[in-house]
Amino acid sequence: MKTSALIALASVLGASAAPTFKRTDGPTDTQILQYALTLEHLENKFYSDALAMFSEDDFAAAGLPDWVRGRLSQVASHEQSHVDLLSGALGNDAVQPCNYKFPYTDVNSFISLAHLIENVGTSAYLGAAQYITDKTYLTVAGSILTVEARHQSWQSSSVLKQQPWQGPYDTPLGLNQVYTIASAFIESCPDSNAALPVKAFGALAVTGNPGDNVQFTFDDPHTTTNYAIFYSGLGMTAVQLDENDYATIPSNLQGIYYVVISTSGDVTKVSDDNIVAGPAILEAPFDAWTENPAFSG
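Quick note, the sequence shown lines up with residues -17 to -1, 1 to 280 if you use mature numbering (1 follows the signal peptide of the UniProt record, and there is no 0).
What the hints contain is simulated information worked out from the structure, not anything from laboratory work. These numbers come from a predicted model, not from an experiment. Ideal placement from N, C-alpha and C gives every residue a C-beta, glycine not left out. One thing to keep in mind: the hints can contain errors.
[As the list claims (entries may be wrong)] Each pair of labels, with its calculated beta carbon distance range: (1) Trp272 / Asp174: 46 to 56 Å; (2) Val250 / Asp202: 42 to 52 Å; (3) Gln57 / Gln113: 24 to 34 Å; (4) Ala277 / Gln145: 13 to 23 Å; (5) Thr129 / Gln223: 10 to 20 Å; (6) Gln145 / Gln57: 13 to 23 Å; (7) Pro173 / Gln63: 15 to 25 Å; (8) Ser38 / Pro173: 40 to 50 Å; (9) Gln145 / Asp32: 36 to 46 Å; (10) Gly9 / Asn75: 14 to 24 Å; (11) Thr231 / Lys118: 18 to 28 Å; (12) Lys182 / Ser140: 17 to 27 Å.
Taking the hints into account, I'd like the entire structure generated from these sequences.
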């Protein structure tokens, strides 16, 4: 069990700054790209710092073959390319790297965290795609999304010897949900960076396996009933918390899934306005002989 870190644009379209299209129900393209670059800076720094810290001998001492570090070096170069792409496209509107803190202490904890961060990256691209107004940008975002998913799948299956997917569908997350996860790794950002149209929800801590009755730890500013909302693939389900903030994790969850706390028990009405805390990231590994249907709540 592991608990706890975009969308992109093509510089191939030219060196001019991204035009400011806007949907009536969402942020501008420029704001989405700044959000994406903020997250790509995080991933880029995550990999570059870890690879500078851990040598080939460190990977060998962790019981890993030398090709694992080689592939991770390729992943690091992909993230640098994403940063370069977004920075070049945004021009003077590009946000700069922040100061980060990553809680890995050795090679194995680094890889385990990478596996989770890449999954969040995939969820971030899926969730942000709805706000893109330019179809060419959407194609490029899709291209980067699939690479993030390949990173996660390789890390999970080839390196960690776990499942390469969660099910037939990946899980989209909203802008604020992704930013909440990312903000746990961000200590400070330059004052010159543009303010992003996002906010971080309160922290949520929970550990357990599907079928377990567990406690959800969070700062509750409400006196109303709260619900744990589980996200997996395209499915959501709500489980009411008791007076001590305990609830049972649905037994049909597999792989990586997310959970938030909301004051709404109707999954069709869960929104940024009623989310109290989270997401927290949980994982339920499953073997190759386990039935792997879509999570339907």
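Hints, one by one, checked against the model:
1. Trp272 / Asp174: 46 to 56 Å: 54 Å, holds
2. Val250 / Asp202: 42 to 52 Å: Cβ of Val250 to Cβ of Asp202: about 23 Å, so the range 42 to 52 Å is violated.
3. Gln57 / Gln113: 24 to 34 Å: Distance hint for Gln57, Gln113 holds at roughly 30 Å.
4. Ala277 / Gln145: 13 to 23 Å: 19 Å, holds
5. Thr129 / Gln223: 10 to 20 Å: 37 Å, violated
6. Gln145 / Gln57: 13 to 23 Å: About 21 Å separates the Cβ atoms of Gln145 and Gln57, which means 13 to 23 Å holds.
7. Pro173 / Gln63: 15 to 25 Å: Since Pro173 and Gln63 have Cβ atoms about 19 Å apart, the given range 15 to 25 Å holds.
8. Ser38 / Pro173: 40 to 50 Å: 31 Å, violated
9. Gln145 / Asp32: 36 to 46 Å: For Gln145 and Asp32 the Cβ distance comes to about 24 Å; the hint is violated.
10. Gly9 / Asn75: 14 to 24 Å: 23 Å Cβ-Cβ, so the 14 to 24 Å window holds.
11. Thr231 / Lys118: 18 to 28 Å: 44 Å, violated
12. Lys182 / Ser140: 17 to 27 Å: 35 Å, violated
In terms of the numbered hints stated before, the structure departs from hints 2, 5, 8, 9, 11, 12, listed from lowest to highest.
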